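Peer 1: Going down the list, the sequences are from chains A, B, C and D. Start counting the first sequence at 28; every next residue gets the next number (the numbering used here). Start counting the second sequence at 28; every next residue gets the next number (the numbering used here). Start counting the third sequence at 28; every next residue gets the next number (the numbering used here). Start counting the fourth sequence at 28; every next residue gets the next number (the numbering used here).
I should point out that these hints are in silico values taken from the structure, not numbers from a laboratory. Careful: at least some of the hints might be erroneous.
Subject to a maximum C-alpha distance of 20 Å in a straight line, what follows is the list of computed EDC-like cross-link-like pairs (lysine to aspartate or glutamate) [to be verified]:
#	chain 1	residue 1	chain 2	residue 2
1	B	K226	A	D171
2	D	K141	D	D304
3	D	K159	B	D304
4	B	K159	D	D304
5	A	K141	A	E339
Fair warning: this is a prediction, and the values are worked out from it, not measured in the lab.
There are 4 protein chains.
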Amino acid sequence: MEKVRIGVVGCGYWGPNLIRNFIALNDAEVVIVIDKEQDRLNHIKSLYPNVHVGVNHFDLFNYDLDAAVVATPPASHYEIALDCLDNGLHTFVEKPITLNSLDCKRLVDLAYKKKLTLMVGHTFEYNPAVRKVKEIIDNGDLGDIYYVDAVRVNLGLFSPDLNVVWDLAPHDISILHFLLDQDPVSVQAVGEANIFSGKNDLAYLHLQFPDKITAHLHISWLDPRKVRRITVVGSQKMLVYDDIENMEKIRIYDKGVEKPPYTNTFAEFQCSYRYGDVIIPNIQFTEPLKIECQHFVDCILDDSIKPISSGEQGLLVVQTLEAAERSMKNGGQRHFINEDELDISTMS
Amino acid sequence: MEKVRIGVVGCGYWGPNLIRNFIALNDAEVVIVIDKEQDRLNHIKSLYPNVHVGVNHFDLFNYDLDAAVVATPPASHYEIALDCLDNGLHTFVEKPITLNSLDCKRLVDLAYKKKLTLMVGHTFEYNPAVRKVKEIIDNGDLGDIYYVDAVRVNLGLFSPDLNVVWDLAPHDISILHFLLDQDPVSVQAVGEANIFSGKNDLAYLHLQFPDKITAHLHISWLDPRKVRRITVVGSQKMLVYDDIENMEKIRIYDKGVEKPPYTNTFAEFQCSYRYGDVIIPNIQFTEPLKIECQHFVDCILDDSIKPISSGEQGLLVVQTLEAAERSMKNGGQRHFINEDELDISTMS
Amino acid sequence: MEKVRIGVVGCGYWGPNLIRNFIALNDAEVVIVIDKEQDRLNHIKSLYPNVHVGVNHFDLFNYDLDAAVVATPPASHYEIALDCLDNGLHTFVEKPITLNSLDCKRLVDLAYKKKLTLMVGHTFEYNPAVRKVKEIIDNGDLGDIYYVDAVRVNLGLFSPDLNVVWDLAPHDISILHFLLDQDPVSVQAVGEANIFSGKNDLAYLHLQFPDKITAHLHISWLDPRKVRRITVVGSQKMLVYDDIENMEKIRIYDKGVEKPPYTNTFAEFQCSYRYGDVIIPNIQFTEPLKIECQHFVDCILDDSIKPISSGEQGLLVVQTLEAAERSMKNGGQRHFINEDELDISTMS
Amino acid sequence: MEKVRIGVVGCGYWGPNLIRNFIALNDAEVVIVIDKEQDRLNHIKSLYPNVHVGVNHFDLFNYDLDAAVVATPPASHYEIALDCLDNGLHTFVEKPITLNSLDCKRLVDLAYKKKLTLMVGHTFEYNPAVRKVKEIIDNGDLGDIYYVDAVRVNLGLFSPDLNVVWDLAPHDISILHFLLDQDPVSVQAVGEANIFSGKNDLAYLHLQFPDKITAHLHISWLDPRKVRRITVVGSQKMLVYDDIENMEKIRIYDKGVEKPPYTNTFAEFQCSYRYGDVIIPNIQFTEPLKIECQHFVDCILDDSIKPISSGEQGLLVVQTLEAAERSMKNGGQRHFINEDELDISTMS
């Protein structure tokens with residue numbers, strides 16, 4: 028079998044992890060790595076002496092590549108990904124895919140026209156623990172889902188071209204889409220800029236989904252503890268997924284409340300409570316990034332496979348973030364996510 | 028010294044704890060206990076054979092009492108407290124003091140006119156751990172306070188005459204007032220009624236205080252874990268108070284972010300981070316309820332002492348809850364708390 | 028039904044808990060309480076005005092009692108319990124029942140001759156969590172038991188007439204007897220006296236039971252953490268019982284090692300490992316002391332009921348502690364527990 | 028500067044970590060890797076195409092090397108290390124350095140004669156958390172050390188040529204030597220072979236050091252939880268080092284007991300207790316293996332630097348393990364560690 032020939036743009040914080048994983052795949056080869064910083068390229072060279080390097084993403088197009096991986100700061104995603112698709116490369120872009128939905132729409136359209144794979148790096152969709160949560164939900168073990176509460180906080184590095192919502196919320200929004208098989212309808216959001224005026228470092232988002240399901244996100248760069256926790260509450264059972272835990276990432280609580288079928292009078296008001304066992308399922312762990320990289324290669328090698336974290340999914344995340352921004356500017360009022368859709372459809 | 032003679036109305040869930048603590052005080056005496064349920068009265072009789080019992084709160088007024096303690100379901104607080112004050116008794120009312128601010132205003136006015144102590148059972152203001160948090164804040168150890176995040180969730184017993192906000196949020200609102208020495212200005216709130224239509228079992232409140240401090244409350248009766256945690260983030264240090272912990276209730280994190288004094292260009296954008304030690308201060312524990320009961324008795328015996336959790340504080344909590352209700356009905360829009368103040372001042 | 032009339036000797040640290048529980052029973056009555064300290068008697072009087080008090084245990088015999096409860100310092104257990112049995116009272120003695128096995132043997136013999144109930148306060152045998160562990164073991168869920176590891180440490184109050192082994196190990200030895208339905212055969216022990224010369228504040232005991240089961244106890248008054256944890260390892264599953272946990276006291280690990288049926292050569296050496304789910308069973312909690320007190324009363328009212336924590340069990344614990352003391356004095360050598368039995372049989 | 032040219036023997040479980048770290052050093056170069064398994068060599072080749080490979084450790088001597096790293100199964104350590112030293116190579120051997128002290132003594136003697144560095148892979152001596160613990164002890168913060176309690180248990184992979192004591196206890200024994208700057212004097216040990224007859228999978232070791240300090244090790248391959256915890260109890264403070272914790276590895280408890288200067292009578296018996304704050308010091312983390320590898324290279328490049336984990340330290344660990352084995356065979360009796368010393372001195 029021919030190996031998929033890959034060029035990676037950006038080897039700062041996250042890029043080296045992508046490079047390491049693509050190199051370890053049997054059916055992929057990292058041909059060239061691009062970065063503006065020479066010392067980062069030197070570091071890559073010392074680890075992988077046979078990889079070519081370059082300082083400009085146009086250097087990619089001098090090699091006979093099949094695909095590009097874009098792991099640069101988000102502000103440059105759109106321009107680089109556009110050039111890659113334009114030059115006929117299947118393209119993987121780190122999250123958030125772009126900084127506005129219009130740009131993202133153009134990438135999706137271009138990939139569609141050129142029949143190229145466009146994939147976004149929503150890593151958690153490839154995380155065995157998240158997949159186990161989805162399996163538990165899909166089995167019906169939790170009953171009907173009432174709501175999801177997600178907390179993703181730590182003392183985080185402020186990034187110059189993102190606020191905390193664009194940095195951290197893509198993870199939760201993509202996880203929610205993956206778990207619920209639904210897109211959010213509306214957002215209410217509050218954001219605080221405690222350190223730099225105008226740059227939110229703390230935010231709370233409340234999402235409404237079809238079927239009365241809601242989700243609440245607590246996002247912060249300014250918290251003493253590192254927390255990555257998602258609580259899923261259903262009519263039968265409840266579940267907590269804690270990604271910080273090494274061994275016991277998921278707990279299924281056999282707890283619930285059942286309302287009586289009907290109540291004639293207020294005096295009859297009562298529920299029955301169930302307090303049962305807690306189960307911590309064993310999860311066979313594999314590095315999510317490895318699964319993600321393999322999936323990108325699989326999509327390239329086999330036309331019939333579509334990326335789970337597709338460009339369209341990236342677009343949904345960006346549209347949700349935009350609606351959250353609008354809500355924050357309007358005192359937390361409810362904003363619909365498809366307002367964007369309308370704008371885009373008239374513009375494109 | 029004469030003992031303060033007390034009558035207790037309501038000995039269901041919380042009443043017996045109040046009775047036990049008042050009986051244990053040297054300068055108080057529980058003369059009579061009132062409850063509609065005979066088996067509860069029998070239980071009290073078996074524990075304290077010398078206490079009188081009755082089924083109607085008017086029975087209180089046949090005994091020569093100094094004070095009344097009202098621990099009945101909240102819907103009856105107003106009527107009973109009004110009668111007690113009317114009959115010249117110093118009155119302690121469990122939280123929430125009333126179910127609307129107008130009623131509460133009337134109690135406050137009546138107590139003022141009659142020169143009687145009116146106190147509300149905001150227990151956490153008498154909790155040694157909360158007082159330690161206040162001491163740490165007041166010392167300036169945390170620097171300027173940026174925000175507070177509070178979580179108070181569990182699989183809770185639905186109560187027929189309250190929703191989750193009125194049941195749980197009074198604790199956090201009174202703690203916030205106590206810690207910050209400030210009243211909230213506005214609220215944005217979302218609430219979900221997952222089990223009973225129209226009865227919120229999950230809510231998120233976002234409060235704004237003067238000086239740009241904000242607070243966020245996560246309140247739920249429908250969560251698999253029991254959490255009572257308050258995070259206080261300051262410009263110098265950060266603190267987590269976890270009331271579920273037996274021994275290590277408070278953790279002070281020597282962590283922080285400092286923004287540079289000014290930035291000429293975007294390229295200069297940067298902050299300095301501090302990751303230091305964690306300190307878990309030793310706290311000498313006393314039952315908060317004991318301190319609270321003694322404080323009520325002290326206020327009665329000494330005119331110069333005013334209750335920390337006064338009727339006015341109870342009013343503030345009720346006004347905040349009302350503003351939260353209005354916000355929930357308006358899609359999470361920001362509502363000001365002193366809208367009520369205006370209403371009340373014109374009405375009373 | 029007549030109520031069992033009880034006198035309690037000793038109301039210092041633990042006595043008030045026994046008094047409170049016996050008073051709350053429907054078929055028992057605390058008639059008189061004895062203590063040398065007048066302020067403790069005053070405290071009891073303030074709580075229970077109808078109870079008589081006295082300063083000498085002989086005062087018991089002036090009341091028409093059925094039973095005595097001995098909760099004095101251990102050094103006085105033997106003398107008081109002997110007098111109580113001699114005067115025809117069913118007798119409950121706190122642990123350790125006596126400070127040497129000869130005394131204990133005499134109490135057991137006297138109770139036998141007089142057909143009186145003699146019971147020792149091994150509270151954990153009445154603890155719902157311990158009983159759940161026994162149920163799990165008896166169901167065969169763990170397979171064959173390999174070994175038990177127990178840790179019972181904290182920064183403990185040194186007591187003037189006991190060392191740490193006599194203070195804390197009775198709990199674990201009685202739990203082991205209860206769980207395994209077996210008596211230990213031998214002990215190897217090391218003890219350290221870090222603070223007071225000659226008074227152990229740290230000890231490790233290794234017990235051998237029939238059927239190759241072993242148990243190891245880590246006992247300390249000089250540890251920064253409070254730990255009460257028992258690990259039971261079986262051929263099928265493993266279990267951890269952590270009494271400090273509020274809600275999740277027992278965890279059953281579906282983990283195990285299976286050795287191959289036989290191995291011809293060293294090269295074939297291999298085992299199969301099983302890593303499965305963890306289950307935290309829900310436990311309905313009742314105060315163990317309440318169950319224990321009711322059991323004592325039941326044994327008095329119904330001749331056919333024998334105490335679970337009988338005088339004979341108390342004797343076994345004391346004999347095990349004596350063997351541990353001998354081992355400590357002999358450099359940790361293995362000592363058999365029935366060496367005592369032989370001594371006693373010749374003496375009595 | 029010339030790079031130290033290294034050959035690595037063994038790239039199974041641990042070898043690849045050593046290779047990765049030596050390659051990343053500026054002043055070292057991995058020239059050749061040896062393993063009996065071709066697929067492991069292929070794996071190394073795919074990662075580092077420029078490294079030579081071989082199947083027999085004699086292949087090392089065909090390259091112009093400065094040093095050898097031995098990471099094979101322990102049974103082959105002695106023979107391979109002997110050949111390496113004989114051929115003039117500085118030699119690093121994984122722990123346990125050999126399976127008996129006589130072999131180890133010969134390696135130490137040979138390295139001494141040939142003026143070569145002999146170092147053993149006691150990784151924890153290069154662990155920033157262990158070094159922080161040593162700093163705290165050396166500062167006198169804990170006061171006089173009373174005792175150390177160490178727990179190192181998990182569901183471990185049984186190894187064909189070691190029992191659990193030889194596999195896990197070297198870590199704790201080397202840590203104890205490092206922390207206390209003392210060698211243990213005697214051992215009392217019990218070991219259980221629950222799965223394979225004759226092969227201990229559970230052991231408890233009690234070590235005595237000069238100055239009345241003691242240490243107790245709990246070692247197991249048959250425990251449901253993974254624990255790596257060391258408690259150090261001093262006269263002033265107490266410390267717990269938990270290597271499983273990601274961020275909070277060390278906790279210093281300001282807790283202690285002080286005995287009175289003297290007691291005239293038994294009635295005066297009393298201590299004073301101190302319950303103070305807990306401090307979790309911030310630790311700057313670096314991979315211990317990186318520090319260890321650099322240290323080996325430094326010892327080679329600079330004659331004046333002696334390895335912290337020297338061959339002599341390896342010998343001490345092996346002698347302690349041998350004394351523990353003797354104690355286990357003699358019912359847990361106390362065995363002195365220098366019994367070996369005597370044997371060796373007469374033999375060599």
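Peer 1: Taking the numbered hints from earlier one at a time, note which ones the structure violates and give those numbers from smallest to largest.
Peer 2: Violated hint: only 2; rest satisfied.
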